[in-house]
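Visitor: Chain by chain, the residues:
There are 2 protein chains.
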Amino acid sequence: MVELDKCEINCIHEEAVKAVRQALFDEDVAASLAELFKALGDPTRVKILFSLMTRELCVCDLTAVIGISESAVSHQLKILRTLRLVKFRREGKVLYYSLDDDHIEKLFAQGLEHVTE
Amino acid sequence: MVELDKCEINCIHEEAVKAVRQALFDEDVAASLAELFKALGDPTRVKILFSLMTRELCVCDLTAVIGISESAVSHQLKILRTLRLVKFRREGKVLYYSLDDDHIEKLFAQGLEHVTE
DNA sequence: AGAATATATGAACATCTGTTCATATGTACG
DNA sequence: CGTACATATGAACAGATGTTCATATATTCT
Numbered sequence: 000m001v002e003l004d005k006c007e008i009n010c011i012h013e014e015a016v017k018a019v020r021q022a023l024f025d026e027d028v029a030a031s032l033a034e035l036f037k038a039l040g041d042p043t044r045v046k047i048l049f050s051l052m053t054r055e056l057c058v059c060d061l062t063a064v065i066g067i068s069e070s071a072v073s074h075q076l077k078i079l080r081t082l083r084l085v086k087f088r089r090e091g092k093v094l095y096y097s098l099d100d101d102h103i104e105k106l107f108a109q110g111l112e113h114v115t116e
Numbered sequence: 000m001v002e003l004d005k006c007e008i009n010c011i012h013e014e015a016v017k018a019v020r021q022a023l024f025d026e027d028v029a030a031s032l033a034e035l036f037k038a039l040g041d042p043t044r045v046k047i048l049f050s051l052m053t054r055e056l057c058v059c060d061l062t063a064v065i066g067i068s069e070s071a072v073s074h075q076l077k078i079l080r081t082l083r084l085v086k087f088r089r090e091g092k093v094l095y096y097s098l099d100d101d102h103i104e105k106l107f108a109q110g111l112e113h114v115t116e
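Read top to bottom, the protein sequences are chains A and B.
For what it's worth, numbering that gives the first Met the number 0 labels the leading residue of the first sequence as 0, then goes sequentially.
For what it's worth, numbering that gives the first Met the number 0 labels the leading residue of the second sequence as 0, then goes sequentially.
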C-alpha cells in the first residue's frame with residue numbers, strides 16, 4: 000500500500016496509465032482472447048488443427064497422423080469444438096472433423112512468421 | 000495394437016493420412032508454435048501485451064494498469080521477453096517495456112475477429 | 001435384439017503454471 | 001559508501017492441464 004502510493008508519485012506516468020486503461024478492453028474480452036490462444040497453445044492441438052488445414056479427417060485418421068491415443072485426441076477435439084475451432088459431420092459411425100472457420104489458418108500463418116524469423 | 004490394425008483396415012483413409020503426415024511440419028515447429036500461443040494464452044499476459052500496444056510502459060505502470068502485483072508482472076514479462084514478444088530499454092532505475100515486433104498486433108487482431116464474431 | 005466398431009466421457013494422476021512472499025540486483029543520489 | 005527505489009528472481013504452494021484407463025454412447029450389420 001505505502002509502497003504503491005510512493006510509486007504513484009515517483010514512478011508512474013499517471014496520464015499514460017489512465018489512457019492505456021481506457022483503451023484496455025473488457026476483462027471478458029481479455030479472458031476470451033486468452034482462452035482462444037491457450038487452446039492453440041498445446042502441441043497436440045496444434046497438430047490436430049494443422050492436419051485439418053489439409054483436409055477433413057476422422058478421429059481415427061487424426062490418431063494415426065499424430066500418433067497419440069484415440070482418447071487423447073477425442074478429449075482435445077472437445078476443447079477445440081467448444082471454442083468453435085473445429086466442427087464435424089457424421090457419416091455412419093465415423094465423425095469427420097474440419098476447421099470451423101478460416102481464422103485459424105491466418106493465426107497459424109501469423110504465428111509461424113514470428114517463430115521462424 | 001490389434002485394434003489399431005483393424006482400424007487401419009476398416010476406418011483409416013490411408014492415403015489421406017500419408018498426405019497429411021507429409022504436409023505436417025516438424026515436431027519442433029509444432030512445439031515452437033504451441034509455445035508462442037501458450038504465451039499469449041494467459042489473461043495477465045494478454046493485458047500486458049495489449050497495454051504495450053498503446054505505448055511503451057514501465058513495470059510500475061503495467062502494475063497499475065493491470066492491477067496485479069509487481070512481482071507477478073515481472074515474472075510474466077520474463078516469459079514474454081524469452082519469447083521475444085517484448086523488449087525493454089533502461090532509463091535510470093526504470094525499465095521501459097515495449098512490443099518486440101508487430102506480429103503480436105496482427106495476432107491479436109486476428110484472434111479478436113474470432114472471439115467477437 | 002445383440003455383437004462389433006467409432007467415438008465420447010469421467011475419474012485419477014502426474015506434471016505444469018501463475019501467484020505470493022522473501023530476498024537479491026542494479027541504479028541514483030545524498 | 002549507504003540508503004532508497006525499481007525491478008528481478010527463487011522457492012513454495014494451490015490450482016489447472018493433458019494423458020491414461022475404464023466405461024459409456026451411438027451407429028451399423030446380422
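The set of hints was computed from the structure by calculation and includes no laboratory data.
Being a predicted model, the structure only gives us computed values, none of them experimental.
One or more hints might be untrue.
[As the list claims (entries may be wrong)] Result set (EDC-like, lysine to aspartate or glutamate): computed pairs, CA atoms no more than 20 angstroms apart in a straight line: (1) K86/B - D99/B; (2) K37/B - D41/A; (3) K105/A - E112/B; (4) K37/A - E104/B; (5) K37/A - E26/B; (6) K37/A - D27/B; (7) K37/B - E26/A; (8) K105/B - E13/A; (9) K92/B - D101/A; (10) K86/B - D41/B; (11) K37/A - E116/B.
Visitor: Run every hint past the structure and note whether it holds.
Guide: Hints and how they fare:
no. : hint            : result
1   : K86/B - D99/B   : 5 angstroms, holds
2   : K37/B - D41/A   : 7 angstroms, holds
3   : K105/A - E112/B : 11 angstroms, holds
4   : K37/A - E104/B  : 17 angstroms, holds
5   : K37/A - E26/B   : 19 angstroms, holds
6   : K37/A - D27/B   : 19 angstroms, holds
7   : K37/B - E26/A   : 19 angstroms, holds
8   : K105/B - E13/A  : 28 angstroms, violated
9   : K92/B - D101/A  : 46 angstroms, violated
10  : K86/B - D41/B   : 19 angstroms, holds
11  : K37/A - E116/B  : 18 angstroms, holds
Of the hints listed earlier, those the structure fails to meet are numbers 8 and 9, in rising order.
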